[in-house]
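Residue numbers (the numbering used here), protein chains in the order written: chain F, -7 to 342; chain R, 21 to 306; chain A, 284 to 606.
Possibly wrong hints are sitting among the right ones.
As the list claims (entries may be wrong) - If we take Cβ atoms under 10 Å as the criterion, some of the chain A residues that face chain R in the derived model are:
1. Thr298
2. Ala301
3. Leu305
4. Val427
5. Leu430
6. Gly454
7. Met463
8. Leu465
9. Leu467
10. Trp541
11. Ala544
12. Thr567
13. Phe578
14. Ile581
15. Leu584
Hints in this document: simulated from the structure, not taken from any laboratory. Just so we're clear, the structure is a prediction, and the values are computed from it rather than from any experiment. Where is the CB? At the ideal position from N, CA and C, for every residue including glycine.
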Amino acid sequence: MSAPILEIDGLDLGYATRTGTAAALRDVSLSVAPGESVGIVGESGCGKSTLLKAVMGVMPPNAAIERGAIRFRGTDLVAAGPDAWRRVRWSGIAMIAQSALNALNPVKRVSAQISEAIRAHADWPRDKIRARIQELFQMVGVDPARIDDFPHQFSGGMRQRVLIAMALALRPPVLLADEPTTALDVIVQDQIFRSLRQLQTELGFAKLLVTHDLGLVIENCERIVVMYGGMIVEAGPTAQVIAAPAHPYTLGLYNALPRLGAAVEPISIPGRPPDLIAPPPGCRFAPRCPFAQDRCRTDPPMRVLGPGHHARCHRSDEMDALRPAALRPETWERDDALANESNPDTNERT
Amino acid sequence: MRILKSFIAAVWDVPSGRVALVVLGVFAALAILGPWIAPFDPMARTYGADGRLVRLAGPSADHWLGTTLMGRDIASQMLYGARPAFLVGGMTAIGTVLIGLNIGLIAGYFGGRVDAILMRITDIFLGLPFLPFIIVVLAMSGRSIWTIIFAMTIVMWRSTARVIRAQVLSLREMPFVAAARTTGASDWAILYREIAPNVLPLALVSTAFALAWAIITEASIGFLGFGDPNVISWGSILYDAYASQVMYRAPWWVVPPGIAIMILVSAVYFIGRAYEQVINPRLRAI
Amino acid sequence: MGSYILRRLFHMAITLFAMITLMFFLFRLLPGDPTATVISPALDADARAAMQARFGLDRPLIEQYFVYLGNLARLDFGLSFRTSRPVWELIELRLVNTLLLILPSMIAAYVIGAFGGALMAWYRGGRAEGSLVLAATALQSAPVFWLGMLAILVFSIWLNWFPTGHIVTPGRFPDPTWRMYLTLDFLHHLALPFFVNTLYNLCFPLLLMRSTMLSTIGEDYVELARMKGLRERQVLYGHAMRNSLLPLATTLPMILGWSVAGSVVIETVFSWPGLGLLMIEGITRSDYPVVQGAFLLIAVLTIVGTFVADLLYGLLDPRIVYR
């Protein structure tokens, strides 16, 4: 395996709030090899969007990286300082934003918005920039004649393609995608992902996809990272994780997945993600976990289960025995009051 | 009343709003109690032991804020002046919002020709020069406090009407309006039972800003010499000071009325903004 | 777009016509016989009637109205009751004086307000920003004439830096000419009212810009601009501020009309011989044709200003579709 292009190492990130510091990311480590596709899944509020923003270095003013490194091609961006980080943004690591409607500035022409991204990193003549934008539009399947249109003149799917074109403007070796198709219908979503896969084969960028939809990750990524409460709870090759999930939360997400033709109804996990200002002691998933034991009140170790496959659970070695129970809906049916006990605060921090 | 209570509760939750409410309360108390706690008759001339008029005396134990050119006690005038500020400001704000709210509701909801006509009328009023118009009306029908309220209301409802109309235009398309229509509710019932409660918060913000603006305008009218000659207001105190041509020897005569207006109006602005923050959280600075 | 402008022009004409009509009858309702102040009571009845005929006041009201309309169409605002000179002559000079004070100070207020408000929102949450909000609110809450009085007290009386009022030193230009605007004396007189008016009018754009910016900063496209690796300055000016300017820019034309109307107060404090002071003089001397003329001029400014504001919005925001 070649050296990772992007490497997140032991990242801790906190949000200062009026009631205390929210531990939004804890000990997050993750590496992405060139050309690889990695998917991060989890419910909203689990820290996946925060992680992407941290990698881009555009956190809100009340957020601070407390510990850890974000290495791009071996250089730690956190230590390198804001200006070095700024130069890596978009040319090294680009992002396909979540909401195509709001991510484009409504009062500027699309060409202007792409060209300013190019000009921030490269000193190209005007003609070259325009030619590049037209080429990008061609690549993502939008009529190159429309580069001077305003965002509101495009349909939702087209806007998303424009955002992809914008992300590819400088041929970044790493592409982040944050729920890139949430606002779109399933058919358009499918088209977008198909062209994204195709572009990846052509251009060879590494892709880090963030979504709450496990199905999308299975379809698009070679590796899965499962996040819960600001921590990575399980990570591994997609095939292995799906064949043998080693964390009850992964089991829960898998159960919640609607399966075509299967007799089983999707099962949802009761309860809510933990309060990050005062997280439950030990395993953050324990209050919602049907298999929780007393020892789950202590921090679980990261257990290695196979090559590249590890999970953060006290009972991951017994998982083979627990999995059949996890498939039964009644296992997850719990007293809701109990499940919510540790989380009286419904404030969501993203 | 219930809406007023929830309004105050909402403003109270914002720190700056809480301070502003307290300030407003103190001013209101002074306005009510003013005539009783004022140490002197505000129009009485003060004569010294030597029988001469105490003109332009600086602040002292007897005259906290000194005396005017005619030997009148400025502190007492200040206390008497709080009432017209509240009366004129309050009545104008209420009148403004009542007219503006109804015109905005009707124009926004019925649309079409009704909207076109009402908006043309609003345009005409928007073109009226604000202060000059009020002064002409005062010159025409006499300088009384009621004329001032009337004239100010006539030129102030226009902005409220536009704000409310814009809001109604978007509310009109909401599902709950369609739902009310399917139950067979009449247009007026939908307008006043379904839509009006939803624009009330905006109307309350409008009231606060109208109040602030009315207090300043009332002072300006007084300053220009078109105030009610029988009423002592902060504006008229400043007019007397300005017209005396000696105000520059007596800062204690000039400074207090302006400070009072500034604090009172600031409090009203902060209350309006605090409530605006509550109904539109995006305005909040992190 | 073209048909939209035509329709708006038509609306504007209706509004203007309604305004002219309203004002004509409003001014005829004013109590007191305007001629009484013009004509010496010593004059005999014949002479008085002749005077009335000169102003056209002997004819029926409705006829007077049509004569008035006809004159207006030729930009004839009538004769001043007091001086018997054409109203337009009087207004022209005064309008120039007012605009020389109001225009530069409004432009300064908007430019400073836009940048100041943008920066306040950008560096939000600090103690300095909080005090600025408080100061701007207090300034906005103070009556402008009082600020003027304080400024005169401090800068003219105590420090003796600036004259207390007037547009030039009285007596220097017995007959107002264009030349007086080119003197240092004029600038010296302009400084204090300009400063006070700017400071006062600064608060509105400043606070509006700040609150618009606060919501713009949270927009996804501002975050994306930063993700693209733009410099902070580019994100601030090119995206956050650029988009926040929309609501502010559209208030400018309308506010301009309003501040010409509001110039009454500042002109009174500084004895600035502008349109506002002319109106006050006209009202106190019952010289109604003059007041009516000034009124009409301000109304036209405001109505045209509103129209320009709407067009401006369309230019600045491509999402607006004219129908």
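Against the structure, test the hints numbered earlier, and report the numbers of the ones violated in rising order. 6, 7, 8, 9
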